[in-house]
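*Asks:* So the chains spell out like this:
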Amino acid sequence: DSGVTQTPKHLITATGQRVTLRCSPRSGDLSVYWYQQSLDQGLQFLIQYYNGEERAKGNILERFSAQQFPDLHSELNLSSLELGDSALYFCASARDYNSPLHFGNGTRLTVT
Amino acid sequence: AQRVTQPEKLLSVFKGAPVELKCNYSYSGSPELFWYVQYSRQRLQLLLRHISRESIKGFTADLNKGETSFHLKKPFAQEEDSAMYYCALGGANNLFFGTGTRLTVIP
Numbered sequence: 001d002s003g004v005t006q007t008p009k010h011l012i013t014a015t016g017q018r019v020t021l022r023c024s025p026r027s028g029d030l031s032v033y034w035y036q037q038s039l040d041q042g043l044q045f046l047i048q049y050y051n052g053e054e055r056a057k058g059n060i061l062e063r064f065s066a067q068q069f070p071d072l073h074s075e076l077n078l079s080s081l082e083l084g085d086s087a088l089y090f091c092a093s094a095r096d097y098n099s100p101l102h103f104g105n106g107t108r109l110t111v112t
Numbered sequence: 113a114q115r116v117t118q119p120e121k122l123l124s125v126f127k128g129a130p131v132e133l134k135c136n137y138s139y140s141g142s143p144e145l146f147w148y149v150q151y152s153r154q155r156l157q158l159l160l161r162h163i164s165r166e167s168i169k170g171f172t173a174d175l176n177k178g179e180t181s182f183h184l185k186k187p188f189a190q191e192e193d194s195a196m197y198y199c200a201l202g203g204a205n206n207l208f209f210g211t212g213t214r215l216t217v218i219p
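Which chain is which? The protein sequence lines are A and B, in order. So in my numbering, spot 27 of the first sequence is number 27, and the numbers just go up one at a time. So in my numbering, spot 21 of the second sequence is number 133, and the numbers just go up one at a time.
Bound conformation, chain B alone:
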């Protein structure tokens, strides 16, 4: 069965500190992994996807098939990174989301 687990509901870090938002998945096939972000009063939007292997707003995420993880990382957190982050798994005809992690960057 497809499942996405984000173990942390809330995460607070100080500005300039590294941040890692955890995501683990369960999927029998070849996964498509995404990170979506929802800033305050804005709609949910794509942050990055694993096949792009790109860095968006300083964030990166590496797919680790051995650990079935797709953690989101940024070396130096900024105040504007405060938002709700969702990890998502794309399977056949579907996109499953984790329950989300609310990141707060403390100035």
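The shape of chain A in the complex, shown without the other chains:
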């Protein structure tokens, strides 16, 4: 087990709603990455945090936001949800930027 925990496993919600996805990194990992995986786009990098600070931003929509807390867990907030936001959202953690990433099992979000 890689030690990265994501909750919930599944989430079904309606358009226009807001959800929060949670990620607990492996013990000792300071870096947390969020990725979106959809059928057409593959793995899309959203955002990265290191020790509580935002380090890099990818293709993250303005409707989405994230943060990393002092205990290093991270939350990804998705608001004004649209059907196209339905995807698998992965969290990964690493010791530093050149360390291999350890992935969680993902949260499957379905927007109806």
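Hints listed in this document are in silico derivations from the structure and should not be mistaken for laboratory results. Do not rely on the hints blindly, as some may be mistaken.
Residues of chain B clear of chain A, computed beta-carbon distances all greater than 12 Å [as the list claims (entries may be wrong)]: (1) Pro130; (2) Asn136; (3) Ser138; (4) Ser140; (5) Phe171; (6) Lys177; (7) Gly178; (8) Thr180; (9) Pro187; (10) Phe188; (11) Gln190; (12) Glu191; (13) Glu192; (14) Gly212.
Only part of the chain B face toward chain A is listed, based on derived beta-carbon distances under 10 Å [said to hold, decoys possible]: (15) Gln118; (16) Tyr198; (17) Gly202; (18) Leu207.
Even glycine gets a Cβ: it sits at the ideal position worked out from N, Cα and C.
Using the hints provided, position chain B relative to the given structure of chain A.
*Replies:* This is chain B only, laid out in the frame that chain A set:
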């Protein structure tokens, strides 16, 4: 700009045949390249990284800076190699993934 290209979405080979999954990258600095694999119903996991120069599960990948490629190769494919493979490029504070190649090994 950083970019990782995996030109094949799907690749099918027969068991025992050689397999090559292509990956090309674009990066102005000194790249860190990785291959990640996702087996059915399992989480994404690291397969190998170029600086290790090791063979994992019979797979190897050589970084070719001239061709900006990091192709994944295995001389004899096995059924258990069927999975989704992602090439990834590590830059400063980030890891960019290609769109992935689904490998199917036909028995």
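*Asks:* Run every hint past the structure and note whether it holds.
*Replies:* These are the hints, each one checked on the structure:
no., hint, result
1, Pro130, "holds (25 Å)"
2, Asn136, "holds (15 Å)"
3, Ser138, "holds (15 Å)"
4, Ser140, "holds (16 Å)"
5, Phe171, "holds (15 Å)"
6, Lys177, "holds (17 Å)"
7, Gly178, "holds (23 Å)"
8, Thr180, "holds (19 Å)"
9, Pro187, "holds (25 Å)"
10, Phe188, "holds (26 Å)"
11, Gln190, "holds (23 Å)"
12, Glu191, "holds (24 Å)"
13, Glu192, "holds (20 Å)"
14, Gly212, "violated (5 Å)"
15, Gln118, "holds (8 Å)"
16, Tyr198, "holds (6 Å)"
17, Gly202, "holds (6 Å)"
18, Leu207, "holds (6 Å)"
Hint compliance for this structure: hint 14 alone is broken.
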